[in-house]
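Undergrad: Chains as they are written, first to last, in the numbering used here: chain A, 754 to 1084; chain B, 754 to 1084; chain C, 754 to 1084; chain D, 754 to 1084.
Just to be clear, a hint being listed does not mean it is correct.
If chains are identical, the list can't say which one is meant, so a pair holds when it fits in one copy or spans any two.
[Stated by the list, open to error] Straight-line C-alpha distance at most 25 Å; calculated SDA-like pairs for lysine to any residue:
1. 767 / 1012
2. 1022 / 909
3. 780 / 1048
4. 1079 / 786
5. 1079 / 766
6. 767 / 965
7. 780 / 769
8. 780 / 1050
9. 1079 / 757
10. 1022 / 859
11. 780 / 880
The set of hints was computed from the structure by calculation and includes no laboratory data.
Number of protein chains: 4
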Amino acid sequence: MQFLSDNAARVHPKVWAAMQAADAPDKPYDNDALSQRLDAAFSGLFARDVAALWVSSGTAANSLALTTLVQPHGGVICHREAHIEMDECGAPGFYTHGAKLLLAEGAGAKLTADAIGAVLGGITRGVHQVPAQAISITQASEYGLTYAAAELGAIGTLAKERGLGLHMDGARFANAVASLGCPPAEAAGPVDVLSFGCTKNGGMDADALVLFDPAQADLVRWRRKRGGHLQSKGRFLAAQVLALIDGDLWLDNARAANAAAAEIAAGAKDRLLYPVEANEVFVRLAAPERAALRAQGFQFYDWDDTTARMVAAWDTPQDHAVALGKAIAGL
Amino acid sequence: MQFLSDNAARVHPKVWAAMQAADAPDKPYDNDALSQRLDAAFSGLFARDVAALWVSSGTAANSLALTTLVQPHGGVICHREAHIEMDECGAPGFYTHGAKLLLAEGAGAKLTADAIGAVLGGITRGVHQVPAQAISITQASEYGLTYAAAELGAIGTLAKERGLGLHMDGARFANAVASLGCPPAEAAGPVDVLSFGCTKNGGMDADALVLFDPAQADLVRWRRKRGGHLQSKGRFLAAQVLALIDGDLWLDNARAANAAAAEIAAGAKDRLLYPVEANEVFVRLAAPERAALRAQGFQFYDWDDTTARMVAAWDTPQDHAVALGKAIAGL
Amino acid sequence: MQFLSDNAARVHPKVWAAMQAADAPDKPYDNDALSQRLDAAFSGLFARDVAALWVSSGTAANSLALTTLVQPHGGVICHREAHIEMDECGAPGFYTHGAKLLLAEGAGAKLTADAIGAVLGGITRGVHQVPAQAISITQASEYGLTYAAAELGAIGTLAKERGLGLHMDGARFANAVASLGCPPAEAAGPVDVLSFGCTKNGGMDADALVLFDPAQADLVRWRRKRGGHLQSKGRFLAAQVLALIDGDLWLDNARAANAAAAEIAAGAKDRLLYPVEANEVFVRLAAPERAALRAQGFQFYDWDDTTARMVAAWDTPQDHAVALGKAIAGL
Amino acid sequence: MQFLSDNAARVHPKVWAAMQAADAPDKPYDNDALSQRLDAAFSGLFARDVAALWVSSGTAANSLALTTLVQPHGGVICHREAHIEMDECGAPGFYTHGAKLLLAEGAGAKLTADAIGAVLGGITRGVHQVPAQAISITQASEYGLTYAAAELGAIGTLAKERGLGLHMDGARFANAVASLGCPPAEAAGPVDVLSFGCTKNGGMDADALVLFDPAQADLVRWRRKRGGHLQSKGRFLAAQVLALIDGDLWLDNARAANAAAAEIAAGAKDRLLYPVEANEVFVRLAAPERAALRAQGFQFYDWDDTTARMVAAWDTPQDHAVALGKAIAGL
C-alpha cells in the first residue's frame, strides 16, 4: 500500500488513449495540431485569454515561469520551505541566471502579505542588495494547505503596489481547486503565471505553463528551447494535458486523491501537523509507530524525525486509504 | 508521403509496449528499476563500463554532455553547421554557462584533425581569448555522412595531444552504426561522451547520454536536475531506451530508415549534394522541380534555395521511398 | 621607442592632479560629488541628456553596455574581428548570460548595413536559432578606421527598422572624433550606448559608459555592482574621466596620438594595410624587416606573419614617430 | 569628524608615491614588472608558496575566490550576515554561475564548526538539493570580531573531513592580524583562498586574491579577464598592493585604525554590541542619542534602529576618536 508520492502513481487510461491517438505523423516541436490547441483549452478553463505551453517537469515549469518575472540581478520572495527553494537543486537560479530566492516565514509553507512585507522591509541598501522583483507561492502549499480567494487578493494587492510579479507553483493546483470548490480562475487569483501540474495527477511527463499575459509566451518559447525542453514530438505532451482538461478529468482525479487523503486524516486526528486540505497528510509519528505501520504494509516518506508524509494519488485504492487511517487511529 | 523529418515519425509498437509495462507504481525520478538498468544495458552495448542516463531531448543531451568537458570560460570546437551551433538556440552556452562554440570548416559538416588544428592555431593570445577545451562531432553528420574508424582515430589522437575532451552528437548514431556495419564502440571511437538518439528512431521522448568515464555521471545527474530534466516518472523514459536496445531494435529501425533513404538516393543520382550514408538525402532541385514533387504528394523541407532535404524514418513505407526516387529521376 | 600599445602609455599630469585633488574623505561608491557630476559632463559633451557611469576597463564597459540591449537568449551582430569577439575572453557572453555574437564580414573590421543584413538573412528558423537583438560597432575600428556620419546613419536606419539596439565600442572614440573633426554626437551617430575610452588616452584605470537612454542607467548600476565593478572609492575614477573631459583634454591627447601615427604612416606609404585614420598603423613587413626595425630600437606588436601593428599614444614623442616613419621608408 | 566607513579614507602617501613611480611605459595587463612581483611578495608574507593577483574590489575578490571552490550547482556555507550574502548584490552567484549561499547562524557574524554542521545536516535529499562544496568566513567578521587560531582549526578540520573548500573574506584582514598579534599565516589558518583587502587600508582601488594552492591561479586569471577585471594598466594596482606590503605598512595602518576604534570603545563600554577586536565599533544608541552625537559633528552609519556603526580608518585623527569616545560616555 503505497503512499510515498503521487509521482509514483500510474498514468490515467484516458491519457494513454490520447497519447496513442497522437501517434501519427504531424509537424514536429509544438507546431502540431494538439500543441496548437493548448491556448484555447486553457483560455476556456480560466475564462480569459491566456497562453499555455507544455513542459516536461514541474521544475522546468517553475523555472521558466520565473524568467518572465525577474531579471538576473533580481530576487523572488518565496517561503523558506518552498519547493523552488528546497527541492529543485537551484534550477530557478539557473534559468533566471542568478536571481536570488528571498526567504519568508509562514505557517504551513504559506505566505501572507505581512510575511512578504517583512522581507521587503529588509531591502534598504540600494544597489548593494538584490532587489525583490517577484513573489512565488504554492497552491496547494508544500504542506497541502490551500490559499483562499481573500488570501490571494491580499498578496496580489501588495504585489501590485510594489511592482512585483506573482508566480504560482501549482504542482497540485488540481487538488487545491477540488478542495476549494471554486472556479480555477479564483484559485489562481491575481497571479501572472501558473505552473499547472499534470504529471502527479494522471499524466506521464507533461505539465503546463499558463501565462495570464499571453505576450510573455514568446519569451518562454525561446527559453524553453534554450533549456532543451522543446521536445521534437511535443504532440505527446500536448495530448496528455488536453486529455486531463477534457471533461474535467483533472478535477475528477484530484477529487479522488483528496478523498483518499481525507480518509487518512480522519484516522490521524490530533496527530495531524496541519489540516488536510488537499492530497498530502503530515502525521506526527514516533519512530516505533512508523515501524508498526510499515510492518502492516504501508509505504510512506519520513518528513523529519517526528513527522511522516503520506500522499494520496488519483489511483490510490480507497480501501488502502481507509486501512491506513484506521491503522493510525489504532496506534 | 512524408519526408519532412524523422521527428515526425511514429513510436515503435515495442516502445509503446515497454512504456505500458512500466505503468505500475515504482520509485520516482531515476530510482526505479528500469532507470537502474541503463548502465548495464549500455555497458553491454559498448563492451566496456559506461554510465548512461536518460534525457528528454537531443538538445538537452548535447548540452549536458558538454558540461562534463568544458568550463564556462572555455570553448568547444565544432563544425560551422553543427546542430549545436545552428539549431539549439544557444542551449550549449546556457548549460555550460557561456562556453563558446569555436567554428571549424569541413565538407559535409564533418570535422578533420586538420580543420580542428586550424582553429587551435588561431588561439594565441592567452587570457584574452577563449581557450579550446573540447571538440564536438556529429555521427552521422548534419549532412548524413559517417565518420569511419580511422577518421575518428585521427581526431581522438589530436584531442589527446591537446588535452581536449571529445563529444559526439549521435542524434542519428543508430543510422551511422547501421551504415558503417561496425560495432557501436567502433562508431563511437575515442569519444568521452555520446548523445545517443532514440526519439528519431522509434522512441517517443527519450534519448540517452552515454558517459565513457562513468565518474562523470554524478555531475550530469546534478546538472540534469538543475536543468529541470529529472522527470519524476523517469521509468517511462528508461522503458523507451531499453526497448530500443533490447534485441537491437535500434539497429533494425535504423536499417529500415537507411534503406528507404537509399531508394531515394538511387533516383536522385547526380543531384545528390553528398553521398547518402545514413537516412538523410540532400537533393539539388530547382523551385519548379520541388513544386512538381510536392504536387505528386511528397512532403519535404527546403534546405536552401537550391537544395531540398528528404529524411526517411524507421516507419517510412518502402513504396513511398521508391516512389520518391522515381519521381526525382523522372524530373 | 615604444609603439606596442596605447595601454603602455603614461597617465596625463592633469589626470594625476585631479586624482590627488579627490583624495579627501567623501561618500563611498558613486555617491561622491565627482561621480555625481558625470551625467552633466557627458550631457554637455553630447549636447543631449545622457547618463554616464565610470567603469574600470573597456571590457567591462562593453559587456555592461550589451546587457542593456540583449537578452540571454539573444544575439549581437558584430564584426568577425571585433574586440568583443576576439579579445575579451567571452566577457560579453558572461555579462549577458549567454547572448551570442553573430559574426559579420567587412573590410578593416567595419560593418555595413549590407553585411549586417547578410547575417539577419541567415536567421530564419524561429526558436531554433538565436535571434539578433543588437549590433555592436567599433569607432575607430580595430584597424583604426573611422565611421563617417552617413555610414553610421545607414546602420542606424537598419537597426531601427529591425528593432535592434546599437552599441559602439569607443575604446578609441577620442581618436575617431579627433580624426573626423566633427562634434562627438556626430561620431556617435544613432547609437544607444557608447563605451567611451579614457585609459588608453591619458587615464589610469577609468572608462565611461554613456547611455543615450538615461532610463537604462539603473540597470547598469545593478549589473556593475553585481560584476564587482562598483569600486568603493569611485571618486578616483570619476576624477580621471572629468579631468579628460574638462577643457577637451581628451581631444588634445587624441590629436597628439593621431599626429604621431600620421608620421609613421607617411613613411609606410604602400606598406599600409589600411589608411591611417586614427592612432593605429598596420604595416606590411617581412620578418627580416621587422627585425631590422627592432634592431634600431623600435618596439611594436606582430599582428600576423606579414603585418606589424604600431600604436601611437598621447605621450608618444613626435621625434620617435618621425624616426619610425623614416626607418620604415628606408627599408 | 568622519566615522562612516574606511572606504571614505584617504590614500596613503606611500601608496601615492608607488603609483607615481609606476607611471612609466611597461607591458600591459599583468605582464609588467610590478604585477610579476606579487607572488613572491605574498609568499614571503605567508611563509609558503602562494599565488597572488590584484583585483579592483573586494566583491570581485570574493567572487573570483569562490569560483575556485564551488561549481555552478553547488553551495557555499556562510553566515546569514556575511558580506557576500548581504552587500554584494548577488555577485558571488554571478561569478560562480549560480552557486547558492547556504546560510548559517552565529553570534557576531562568526561561524563555528557546529553552525556549519547544522547546515550540512539539512542537506539530505541528494540531487534535489544544492550540495555544499565550500565555506566562507570573514576575518575580521562583519561585526569586527576576529577568529583565533583554534577556531580556524576547528573549521578547517570540518572542511577537510567533508571535502569542502574554505574561503576567507579578508576585507579587514589587516585589522584582524594587527588585533590578534600573530603571523599572517596564523590569522589565515587553513583557508584555501583569501581576499586580502587593501582599499580600506590605505589603498586606492586595489585588493589582492591570495591562492594557497597556486595551481588555481590560472583559473582565476581567465575568470578575472572574463569579468572585465584585467585592467590594461595593471601596474598601478600592483604598485598599491606592494606599497602596503613593503615594510609592513599594511599592519601599521591597521594598528592605527584599531587604536582609534579602541578609543571609541573605551567610551562606549556597556553600549557595545560586541567586544571591539578590530576597527569597527557597534554601539547601542537611541535615536535622540545619535542625533546628539551628530549635532557635535560626528558622522556615522545607522546599522539598525537601535545600533550605530562607527568605523575608524588608518587616517582617523586620534583626537577625533578620543572625542567620540568621550561624547558617547557623556550621553
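Undergrad: The structure should be examined with respect to each hint, and the outcome stated for every one.
TA: Against the structure, the hints:
1. 767 / 1012: within (21 Å within a copy, 37 Å between copies)
2. 1022 / 909: neither (34 Å within a copy, 48 Å between copies)
3. 780 / 1048: between (52 Å within a copy, 19 Å between copies)
4. 1079 / 786: neither (48 Å within a copy, 31 Å between copies)
5. 1079 / 766: For residue 1079 and residue 766, the Cα distance exceeds 25 Å both inside one copy (30 Å) and across copies (44 Å).
6. 767 / 965: neither (28 Å within a copy, 40 Å between copies)
7. 780 / 769: both (21 Å within a copy, 20 Å between copies)
8. 780 / 1050: between (47 Å within a copy, 16 Å between copies)
9. 1079 / 757: For residue 1079 and residue 757, the Cα distance is within 25 Å only inside one copy (18 Å; across copies 59 Å).
10. 1022 / 859: within (23 Å within a copy, 38 Å between copies)
11. 780 / 880: Between copies only: 15 Å across chains, 47 Å inside a chain, cut-off 25 Å.
In summary, the numbered hints that this structure violates are 2, 4, 5 and 6.
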